[in-house]
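Number of protein chains: 4
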Amino acid sequence: MHRIAQIGAGRMGSVHLKNAALNPRLDLAFLVDPRLDVSEIAASVGAQVATLDKVLADDSVEGVIVASSTDAHLEQALACLAAGKAVFCEKPLDLDAGRLKAFEAQLARPAAPLFVAFNRRFDPHFQALRARIKGGEIGELETVQIVNHDPAAPPAHFLPTSGGLFKDFTIHDFDMAAWLMPDPFVEVFAWASCLVDPAIAEVGDVDTARVMLRDARGRICVISNTRRSGCGYDQRIEAFGSKGMANVGDVVQDAVQVWREDGAKGAPLQPGFMSRYADAYRGEMDHFADILAGEAQPETGYAASVASLALAEAAAKSAKTGQPVRL
Amino acid sequence: MHRIAQIGAGRMGSVHLKNAALNPRLDLAFLVDPRLDVSEIAASVGAQVATLDKVLADDSVEGVIVASSTDAHLEQALACLAAGKAVFCEKPLDLDAGRLKAFEAQLARPAAPLFVAFNRRFDPHFQALRARIKGGEIGELETVQIVNHDPAAPPAHFLPTSGGLFKDFTIHDFDMAAWLMPDPFVEVFAWASCLVDPAIAEVGDVDTARVMLRDARGRICVISNTRRSGCGYDQRIEAFGSKGMANVGDVVQDAVQVWREDGAKGAPLQPGFMSRYADAYRGEMDHFADILAGEAQPETGYAASVASLALAEAAAKSAKTGQPVRL
Amino acid sequence: MHRIAQIGAGRMGSVHLKNAALNPRLDLAFLVDPRLDVSEIAASVGAQVATLDKVLADDSVEGVIVASSTDAHLEQALACLAAGKAVFCEKPLDLDAGRLKAFEAQLARPAAPLFVAFNRRFDPHFQALRARIKGGEIGELETVQIVNHDPAAPPAHFLPTSGGLFKDFTIHDFDMAAWLMPDPFVEVFAWASCLVDPAIAEVGDVDTARVMLRDARGRICVISNTRRSGCGYDQRIEAFGSKGMANVGDVVQDAVQVWREDGAKGAPLQPGFMSRYADAYRGEMDHFADILAGEAQPETGYAASVASLALAEAAAKSAKTGQPVRL
Amino acid sequence: MHRIAQIGAGRMGSVHLKNAALNPRLDLAFLVDPRLDVSEIAASVGAQVATLDKVLADDSVEGVIVASSTDAHLEQALACLAAGKAVFCEKPLDLDAGRLKAFEAQLARPAAPLFVAFNRRFDPHFQALRARIKGGEIGELETVQIVNHDPAAPPAHFLPTSGGLFKDFTIHDFDMAAWLMPDPFVEVFAWASCLVDPAIAEVGDVDTARVMLRDARGRICVISNTRRSGCGYDQRIEAFGSKGMANVGDVVQDAVQVWREDGAKGAPLQPGFMSRYADAYRGEMDHFADILAGEAQPETGYAASVASLALAEAAAKSAKTGQPVRL
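Chains as they are written, first to last, in this note's numbering: chain F, 148 to 474; chain L, 148 to 474; chain X, 148 to 474; chain V, 148 to 474.
Heads up, a few of these hints could be off.
No distinction is drawn between identical chains; accordingly, a pair holds when it is met within one copy or between any pair of copies.
[What the hints assert, rightly or not] Once the Cα atoms are required to be at most 20 Å apart in a straight line, the calculated EDC-like pairs of lysine to aspartate or glutamate come out as: (1) Lys-165 x Asp-433; (2) Lys-467 x Glu-334; (3) Lys-281 x Asp-409; (4) Lys-464 x Glu-334; (5) Lys-165 x Asp-426; (6) Lys-281 x Glu-408; (7) Lys-464 x Asp-315; (8) Lys-467 x Asp-243.
Just so you know, these hints were derived from the structure itself, not from any lab.
Chain F on its own, in the form it takes in the complex (with noise of 0.2 Å):
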């Protein structure tokens, strides 16, 4: 057993508390809240109240789960990382690329291993795929297609600290991009559009893009995003090869089918992320239990953390500008 603590106890927070009480290998002594009153989700898995000091000042405690607010995780991280605790950080690590490079001591070569979870590298789906494009099922990979669409599009006024849709959401599509293809990324091209609430506009955001991405070779990702698809969360990739396709399809929420005169009738998709990468955000779980048994290094941390950010500002960049960024 692993002796952890975590900041934060909010929505992605929740999540993660979860799966650490119930993680047999991890013993979730301590949580830290500066903004609410989280006693009673602490006795709920058997966690105590703590301060941040008061966790990096104990050395029983091996690592930390830092499910904060985005603005809170770089520093709270290098405090962290700082004490000699290993580190579990939500995506993103920093909205913005400059400082984490003027980090890049502390984080790329750290004190102690950082994890920064990006869940999909870590549902079973995709991990499926990849192994069957590695082990050449579909020949030499030569395109993929990204399918991000979320249910709805969250209240308007939630976005300003969001970072804009790119290094929001589509951060995840970048990531997954290079996780599945060989080479990196050359060149960056986006169209982003306001088409499924004005409200998103006045804040400067978009809800609705297209973002495509090449390799000097000329292979090249499709990206699709909307804040809002109308039949629940759309989450698909497609990889096509020289021998073939593989894809990944949505999970549907039972296998029920009904037939009637007017057609069969499927189950709906998943609610939302998190039905559909439950799975994910335990094995993000799993992976921090075998970084902290020394039996695993980070599959994602500062390196990954730059090279997303990099597309997507780089997307925000082509949007803005209407033109092509070379990276």
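Chain F is fixed; fit chains L, X and V onto it per the hints.
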């Protein structure tokens, strides 16, 4: 081009008429229908209206499609065979196994080829299924499940002349079972109910049935029937073998799916036999052209007719007595 | 938190042990296993090894999970109930309907809640199917088709104590049939064969069966069983009603499809009951927590056990005599 | 019956020839092919071999199918129109938008109906998709994704006269995009690579592309192309709207699935355009019969030809310059 005639221009007759007219190897010269004025129909396919006597006396006519009412099939087929004409007889050849046996000499070793058209054998999907079973893809075949569900029950007053559910409807499934499974069946068990329309019970028929057939080794086929599926024409077969399963799923009207909040909706099933088995009916006509050209022996004739009728009679007896029937 | 104990840490026991340990409303205090050294297993879930007597004498223990070998279920369940402990008993409660009836007083109106765990009723897919049927989506339910095919037959020497195919395996389907269809069954017909492994016949059992059940109105359920599907764990239900059909399809291992020249290949079926019914086993444990909290009555207990056992005995008799059996 | 002639009996010509011969409303009287001896082919469909001059001079001929080589389409179509014959012209009318515009007077307001056959518009699946979009089933249409992947690249030496990927192949997708989306496109961006066969690059063409189109409101269409899918003829469209998504999936060769230990395998995709679009080609011919009967105006003619060619030229320019192109 083989010169042919057709008897009957009713529901099934019109299907065959069109396929005969469009078949590049057949020259449909005459249309015979003692009960209807078919001059306009005949003109539409470039055929002349004629009497059966005239057709039988015309040496240029090589074959005759018998698509009249069921009760006329046997007599007309016998007359055509006696005149040396190859016969394409819409199923059934007759509803009475005893009567068929009385003409065994003329039917089992006929003077000209006798093809009784069991359409399922010419369906490309079922043919593909059979090819894969024969090719060993599921190992040794052990059990089969046939679903044959009609969209909507016919008016009850049509049923008394139909021969009853087993002879009129399940007959197709008995033929499929024999076609797919390697050994003859030795026992039949059937339950039949009237769940769809009480008027069907009033005329002495049933509308819902489950029939089980088994061979001497204990391999089992289950047939599922209803006169009213409530969801279109449900036509499926599952074959279970020592190394897996092969199945033919339902054929839907188009490849469109619509995803909304409440789930994904696909197109309806085919509405009935005319659309579901359109390719099969064309295939039957091609087979008749092959027979006329001397390139094929009839896929099904007297033997298949007698065999499926025997199963139908056994099933009817089992349903009536509540006991299994040994063949 | 409800303090509980578990008897048995074998194959099914280990499933329940993990779910009990992870259930936030249950405190698994003791593990009893008279036949194995379970100290390490107990430690892994934070439980103490104890004797059944100690558990029964401990007033703090509210409930007991009976997951021992089948032949011990009844005696242990009775002892627990007599001690006032709520019981979660892995199915079957017993293999002998007569013996159950001998204890009807203690079992049908037990001193503490008795839950006999039929896992299918807790499968989210089958629950969704039932909800849609109950919701009237397919009109009035008329017939049901249940496919329950195991991946691979157990070694024949395990079978003599199993109770035979119908009591050991089809028992799930009998319970599903009763759960889905509105009226009691009045007649059973079964054919059973040994097609998979001759050694199964040598020990007096069968490996392949088709069972038909019907109610007084003529509504029919067909059950399809094999001990070896050749293609994983094939678990499907189709329900046919007056306005259409609803079905639960197979659950596959992942959502990946690979398209190549020779067709599209999907992921394998779930390899067995542990993965296919993982959610159902968790659901059973939640239900036990509800029972302990006084928030639910046991979904299934003595009555369901006796009912499904009666169908199993009737099916076995039908298969042996070749005759239908009236209930 | 409308008396018609056909020019050309090559690959596409043979498709139209058969459909014309089988169409009950058309009388295919003449076959013109200046380059081949087509006497046998003509005889097989009951047509006479003739010169184009003879056809043009024959007042009984109401229409002409132009299915010659692409470089002859425009001149022959103009000659037929000048002679008052309705024209069914295999796409493209011409590969050069400038040349088409030079004949705008004769083509945009032709002396007889001019139908340029874009086959996708007559595919029943795409028609059903469009009907559901128009019917409001997915709310307001926002974005479209078109996948058009050929099974295998043609020999590179055929490509120089093809007009290049965008004019030869993507042209279908440009027409589909315009057909599905409500507003004209205002900007095009394309990336194109040579990933399939270096010989294609050597003749100055590309084999893999992604094209994006957008309209003034910011609605986006993405087109995916490859000359070699490795898995048959992959033809799909997805349409995303404010209330959900509608898509046309791939059409497979049969409805058989085979389940084995390693997963379920479905039938291959259609091998190419002849089988995938067989219904569409028949639909085109029906449309031509409607035009000849005065019951329909041509679905596509000069305007659609110019529009799709303009998009193709813009895409080619974008791919070459690396910059988006405003229309």
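- Message: Cα distance capped at 20 Å. Does Lys-281 pair with Asp-409 within a copy, between copies, both, or neither?
- Response: Between copies only: 18 Å across, 42 Å inside.
- Item | 20 Å Cα threshold - placement of Asp-433 relative to Lys-165 | Both: 13 Å inside a chain and 16 Å across chains, each within 20 Å.
- Can you give me the call for Lys-165 and Asp-426, within, between, both or neither, at a CA distance of at most 20 Å? both (13 Å within a copy, 17 Å between copies)
- Query: How would you label the pair Lys-467, Asp-243 (within, between, both, or neither) given a Cα cut-off of 20 Å?
  - Reply: For Lys-467 and Asp-243, only the intra-copy Cα distance (18 Å) is at most 20 Å; the inter-copy one is 34 Å.
- Could you figure out if Lys-464 and Glu-334 sit no more than 20 Å apart (CA to CA) within one copy, between two copies, both or neither? Both. Shortest intra-copy (12 Å) and inter-copy (18 Å) distances satisfy the 20 Å Cα cut-off.
- Message: When Cα atoms must be at most 20 Å apart, do Lys-467 and Glu-334 count as within-copy, between-copy, both, or neither?
- Response: This pair counts as both: shortest intra-copy Cα distance 15 Å, inter-copy 15 Å.
- Query: For Lys-281 vs Glu-408, is the C-alpha pair at or below 20 Å within one copy, between two copies, both, or neither?
  - Reply: For Lys-281 and Glu-408, the Cα distance is within 20 Å only across copies (19 Å; inside one copy 44 Å).
- Message: One pair to classify: Lys-464 and Asp-315, alpha carbons no more than 20 Å apart. Within, between, both, or neither?
- Response: within (15 Å within a copy, 33 Å between copies)
In this structure, every one of the numbered hints holds.
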